[in-house]
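> Chains as they are written, first to last, in this note's numbering: chain A, 111 to 473; chain B, 374 to 512.
Because the hints were derived from the structure by calculation, they are not lab data.
Just so it is clear, the structure is predicted and the values come from calculations on it, not from any experiment.
One thing to keep in mind: the hints can contain errors.
Pair ranges (Cβ atoms, derived) [as the list claims (entries may be wrong)]:
#, chain 1, residue 1, chain 2, residue 2, range
1, B, MET425, A, GLY403, 19 to 27 angstroms
2, A, LEU332, B, PRO398, 31 to 39 angstroms
3, A, ALA213, B, LEU511, 53 to 61 angstroms
4, A, ALA367, B, ALA405, 54 to 62 angstroms
We put the beta carbon where it would ideally sit given N, CA and C, even for glycine.
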Amino acid sequence: MQGPLIESLARQGVSRRTFSKYCATLASMMALSPVAGQAMASALAAAPAATRRPSVIWLPFQECTGCTESITRSHSPTIEGMIFDMVSLDYQETLMAAAGFQAEEALHTAMKENQGKYLLIVDGSVPLALEGAYSCIAGRTNLELLKEASRGAAAIVAMGSCAAFGGLPHANPNPTGAVAVSDIIKDRPIVNVPGCPPIPVVMTGVLAHFITFGSLPELDALGRPKAFYGETIHDRCYRRPFYDQGKFAKTFDDEGARNGWCLFELGCKGPVTYNSCATTKWNAGTSWPVESGHGCLGCSEPDFWDAGGFYRALSVPAGPLQMVGAAAAVGVATGAAVSFLNRAKKRAAKAGHETTTLADLEK
Amino acid sequence: MKLDRIPIVSVPAPGRAAGLSGNAPVVLREIAQKVRRLVDANEASTIDLLAMPLTAADLEWLRESLGNGETHISLDAGGESRLDETSCPGVWWVTHHNGQGGVASAFIEVAVVPELVKAPIDDVAAGLERLDLLISDLG
Chain A
111 MQGPLIESLA RQGVSRRTFS KYCATLASMM ALSPVAGQAM ASALAAAPAA TRRPSVIWLP
171 FQECTGCTES ITRSHSPTIE GMIFDMVSLD YQETLMAAAG FQAEEALHTA MKENQGKYLL
231 IVDGSVPLAL EGAYSCIAGR TNLELLKEAS RGAAAIVAMG SCAAFGGLPH ANPNPTGAVA
291 VSDIIKDRPI VNVPGCPPIP VVMTGVLAHF ITFGSLPELD ALGRPKAFYG ETIHDRCYRR
351 PFYDQGKFAK TFDDEGARNG WCLFELGCKG PVTYNSCATT KWNAGTSWPV ESGHGCLGCS
411 EPDFWDAGGF YRALSVPAGP LQMVGAAAAV GVATGAAVSF LNRAKKRAAK AGHETTTLAD
471 LEK
Chain B
374 MKLDRIPIVS VPAPGRAAGL SGNAPVVLRE IAQKVRRLVD ANEASTIDLL AMPLTAADLE
434 WLRESLGNGE THISLDAGGE SRLDETSCPG VWWVTHHNGQ GGVASAFIEV AVVPELVKAP
494 IDDVAAGLER LDLLISDLG
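Bound-form chain A, shown alone (with noise of 0.2 angstroms):
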């Protein structure tokens, strides 16, 4: 294995088995075959030296500043850190010392020299109603931005579900006029990243793809990387036999919560959901939403806000795995109840768009 990054790893004191063993667990997150990560251990420390990285262009627009945290944040310091020293973020307002006029010059400088090969990575969703006045930088509209620095990008990530669908800015009766990057950029391949916010990894993922194989990941049906958004949360999920065994928790504080018994019919969204947060975890692998007793929210998918409410139980229940026997019925027999059941309720929650309260956690 050699290489610049690999050099330059070791001169900041990360070994080889480090690097392979990273390697393998990134390989393992985005559910290629053990092979693959010892394929990607040898490109990636083969990548392009540091005088030739590739630019990077981020630009903040409709947004909260969740998905900076999220990547600036999660482990730090990390051979993640380190991949993204391989790049050269030319503009990122919230990282960036420059301010002003300094700032603007160094986008336009950027963009300039990098005509045709940077990688612009937005986050946020851009308002259109009133021309586009509920979110301007240095006097001009996000819309305007964004058309201008999608001219001359290699490709587009758009970071976060803001970016990629929306996201709460778009949710019912989205005052702002807020929509998706892919709803105003239609001649450049963008890659989506939802969540809110993201998985860190999955950005690296992507950058590892991308220097690896020299192209973007293989995307699905809503532009998000197959590799971490190829199954969904349930599929993965650890909780995941009891579903199939009809085990359901019923109430936060009940016996089968206490149990660790799947969460489904208080509103989990898990099966619904495409993301990998089963298995790369939250918070350095500390635990994800479901391992610490809550639901999943389906915070990937398209206008999660507008889903009928956090801890309603999804009308339709997903196809099991596998199920054998008696608990087959039962799992089938439950599921066609709650579908009953809730036929009712999504007809109200259609009507209008309704908050959570304290009862509907109760339930």
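Position chain B against the provided structure of chain A, taking the given hints into account.
For chain B alone, kept in the frame of chain A given last:
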């Protein structure tokens, strides 16, 4: 009708202990296949334990079934890694921890010696340079 009134009865399969999903014996069969490949063709392979729907009880069952072998290796590389040979020689239970001590990934590696244990040849060369330096300092 309230959700609470739906009669949910869990009927475990005969002989199945609490928390077991029934997926662990399948993994055991896959391990056997891979060991056969190692014996017949000297081909090493790996199973990603976190990529499968295994419960904590499944993993415990698997670990107990495989038992403890003679060799236990601990690596200190970006967090601790444990490579424990099971009672079936050539079958290694590999757990990688991150810098904070959490489990980052877990594998069953079927190999004579796990790949990660071998010193990378470039590191060996770097070590040689260091040795040469030490010797030159001797005067």
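> Please name the hints from earlier in the document that this structure breaks, with their numbers sorted from lowest to highest.
4
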